[in-house]
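Sequences are here, hints too, so could you generate the full structure?
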Amino acid sequence: MREKTKILIVEHEANDIELILHELKKGEIDFVSEIVETQKSYVKALETFKPDVILSDYALPSFNGDEVFEIRERVAPLTPFIFVSGSIGEEQSIEYIKNGVTDYVLKDKLFSLGIKVKRALREAKERDQKNNIKIALEQSERRLAKAQQVAQIGNWETDLSSLHVTWSEETYRIFDIDPKNFGSAHADFLNHVHPEDRVKVDTAFKESLDKTTTAILEHRIVTPNGVLKYVEERWQIIFDKNGLPATAVGTCQDISIRRKSEEKLMQSENRFRRLIEASADLMLLCSIEGKIMYGSPSISTSLGYVPAEIVGTFVFDIIHPDDLPDFAEERKAILKYPGQSFNKQLIIKHKNGEWIWHESTINNMLEEPGIHALVGNFRNISERKKADEAIIASEEEIRDMAESMPQIVWVTTKDGKNTYFNHQWMDYTGLTLEESNGDGWLIPFHDEDKPQAWAAWNNAMNSKSEYIVECRLRKHDGSYRWWLIKGVPKLNEKGEILKWYGTCTDIEKLKEAEREIKKSEKFTHGVLNSLSKHIAVLDREGKIIAVNDSWNRFALENGETTLQRTGEGTNYFDVCKRSIQRGDELAGAALAGILNVMNEKESSFYFEYPCHSATTKRWFGMRVIKFVSDESMVVVSHLNITERKLAEENLLKSEARLKEAQALAHISNWDIDLTLNVHTWSDELYNIFELNKDEIIPSAESFLSVMHPDDRLFAQVKMEEAFTTLKSSSFNFRFILRNGTLRYGYTDWRFEFDAANKPIRIYGILQDVTERKIAEQERERITNDLLERNKDLEQFTYIVSHNLRSPVANILGTTEALRTLKLEEEEREEMIFNLSTSVIKLNTVIEDLNQILKTKRNITEARETASLSHIIKNIRIGLSEQIKKDEVDIKTDFTAIDKLETLKSYLYSIFFNLISNSIKYRQPNVPPVIEIKSYKTDEGMEIHFQDNGLGIDLQQKGDKVFGLYKRFHDHVEGKGMGLFMVKTQVVTLGGKIRIESEVNKGTKFIIQFPS
Amino acid sequence: MKPSRFIIIDDDRQDISLSKLYIKHALPGMQIVDFVMPEQGFDYIKTSFNTGNPIQSVLFLDLNMPTMTGWEFLEKYEMLDEKIKDQICVYITSSSIDSRDTDRAAANKNIKGYLVKPTTVAVIKKLYEECV
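If you're matching them up, the sequences are chains A and B in order.
The letter at position 274 of the first sequence is residue 274 when you use the working numbering, and the numbering goes up by one with no holes.
With positions in the second sequence counted from 1, the corresponding number in the working numbering is that position plus 1011.
Only true hints are included.
Reference listing, derived: stretches of chain A covered by chain B, where coverage requires no fewer than 3 residues with Cβ under 8 Å from a Cβ of chain B: (1) 803-816; (2) 834-846.
Result set (PhoX-like, lysine-lysine): computed pairs, CA atoms no more than 25 Å apart in a straight line: (3) A/K107 x A/K6; (4) B/K1013 x B/K1094; (5) A/K486 x A/K417; (6) A/K873 x A/K891; (7) A/K653 x A/K693; (8) B/K1035 x A/K822; (9) A/K884 x A/K1004; (10) B/K1031 x B/K1013; (11) A/K891 x A/K1004; (12) A/K822 x B/K1031; (13) A/K464 x A/K490; (14) A/K822 x B/K1137; (15) B/K1136 x A/K822; (16) B/K1031 x A/K841; (17) A/K26 x A/K50.
Just so you know, these hints were derived from the structure itself, not from any lab.
Even for Gly, the Cβ is constructed at its ideal location relative to N, Cα and C.
Below, the structure is given as structure tokens:
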């Protein structure tokens, strides 16, 4: 369907409007219309109504026809515009048409309106077709614009006469300006240039006007949004045929991105330079010869020089002489190789002469453009050096600490390779550090503990948590000890393991203690269950909490099949109560006892009760005590004491028997309880001492009081000795009965010790050994007698072989000579004399022997009181002839003691022999002087007999003086009988005799007789 | 060399006369010297055998003597010069048949023999024959 033609009518006169509409209808135009009369409604209608044709009055009250046209030109330039006016003239109308007004209709010639509108519409249509071609062109232009947009290059043209500018789309885009809002004058363009660049841009533009070359200018612009952009303008001036500048044609390129990166680059260069300049590190550039070409400003702070001062000097001058050889060598090594560098710690001289540690990097940049130098970077590391030293010191301290720890200290890598052990590890395992490093620490683990240790390790590794395990480690001597091994991981900030630190602690003692406790527990348990006692623990209500095996065993043996009556969990009070109900009185006593202990009325309870079974007699002892650990519990135990009871019965019998046996054997016993110091004597002991039990209290003092006074000291010493040595002992003693009878006793004892080796008791026996002692004494006497007799027999053997044989041999020889030899008469007589002499000798010997034997027999003769003075007087009479002849002087002194109980005849014989000897062996030509004196002594008496005779060399003859037939002098006749007889008689009288003598001085005999 | 002298030391004069009688009858013309005191006998030996003119002799020594027993004599004799002892053959003449005496004599290297009294002609002859 054909659209109606939209006609906008700008008219304020209603009549005119009516006429216009009339004419349009008449002109057979299918149309719709809108009528406006103000500028505002006009502009709005242009935009919303979009008329196909505009009919406008020229003279309007609010605005005139020129303004209407101008607005149409701007807003809808292609819409046909026809003036409908009454006042417009011919000339003016032509002018209007030139300017673009489509046509004009005078109000008085409205009849042509229809035709003119139709023509305008037709022309517009035709023009639209032309426009389509133009649009295609414009499309092509747009593509260009797009290209310009991509390249961010726009183009422009400035008409130099009007200074009107024409911009391409891209130019607008670069400037970010809506073409509608742009004044299109050169001045408008300048307004968008960065204020600082306006003069520069305008000047460049003006200066370019007479040049034919392409002008290039970079400047900044500011978009309406305030964005700063960089653009590069390139333009050329086009001259007219008169050679005058007509147009400027140019491009505008947005170079902001390029400029920004350039700026960045510059900034970075700047920054870098600043870095060098501002760096605390000293930078030196040196020539190949070592001459300093540049020194960064920090040299003033680091080394005290002003950069200018240092430039031109040689770098070697400020390096410490010690470092110089190495430095020179390394420097030389990199000279040939551009790009090579070396690092070195150097000591560099401060201007004030101080030497300062520097970390230096020397770079060969000889080939580097713009540098051509050896570049050295020097960093003051004196602080770091100090810190390093401090770290070393601190590490040493930590190491010392680790070494001095009693534990083993170790460090491993994150995966458990050992890197450190303190010496305790080496000391213990006997491994060297080399052997222990890495996986070496696995060696000493006990095979049985390895799985556990490995599992713990893996667990610690996975969970990054503490590694803790107890295991045995082998000692260097092959033995194993228990160790507690602990390790903790050191984690970094990401939670990854860096290292493991750990210790090993010797817990052998602890383990041992544990084992001991376990053993002890097992032991206690074992002991409890092995006890024959039936033990149960009861709580306050009587409930059985625990029992031992024996308890249950007893219950089962007594016909209980299920342990429901007395087993664990049952109530023991109920058990007792049931028994009481059955009339068991003992059960009542038991229950009362338990309750008393439970209620702390008594500390313990014990009673013994019979519990005979049908076939056997049985007794039990029941004990109740507080349970050690808990006050509200008691321990009840029953012990079968049948054996003891039976033993007690037997003991009573056996004690009676023992008593009888002791009485028969005269053996008694005694004991001392050392803890209570109680002495006990058996009945037989009283019997032995003939004392009544109520007369004397058994004690050491009582014992001593019965003893013979002479034996008391010895007995006391013996007893005290026993108490100090704590050893068994015995002694013999004499004791005196009440009636004065002396008797002999023997006692023997031993100690009993407790577990702590403390003596607790002494057991002793005491025996009356009088009969035995008397028998012993008799035996001793007989033995001595026998010994004496044996001596006598030996003496007789000697006498027989010598003294008796001597005359016999002579007789034999003489008779043989008489019988067989042809003797001269003289010889014969001599032999006969010999014979008679020898026979006499033989007779004498026999007589002597007879006398000796007689003396021995006379022992039994009754003693009588003899007076020494009387005896000597009688001897004087007997020897009076010799005394007179030899002028013997006998002096006696018996004032001390004169009378003694003795055998008178023996005493006479003794002194007779001694006096005869003194006279016989007198010194030649010296009258014999004999002194006899008696003395009283402790033991009895002594008689001293002194002469002034020849004396005897006792050193030679001492042992033989009193022997039978011992003669020491040859000049007088002697048989060697005298002194033998003296001694025999003295000894028979119970005395002793000894001799003192000096050759040619005299002899002294000392005779002792006991009282 | 046969002994040319007999020395008798015995405290019993009867024994000396008996010994002398037997020696005379066994070895007629034999020189015999006798001593009742052994001390004198010892002095004789000590002095008369030290002349440089050896006289081979036989000594009859009694044991049981009062002032010096035969054993005491032998102790002193032991101390004499070997030259003297070489000239003398010592024989114990004793009535003792006590084994203690005979055993003791056998143990003494200076004693040539033990003669139990009485010493008869046959014994002396045999003794003389055996002397070298």
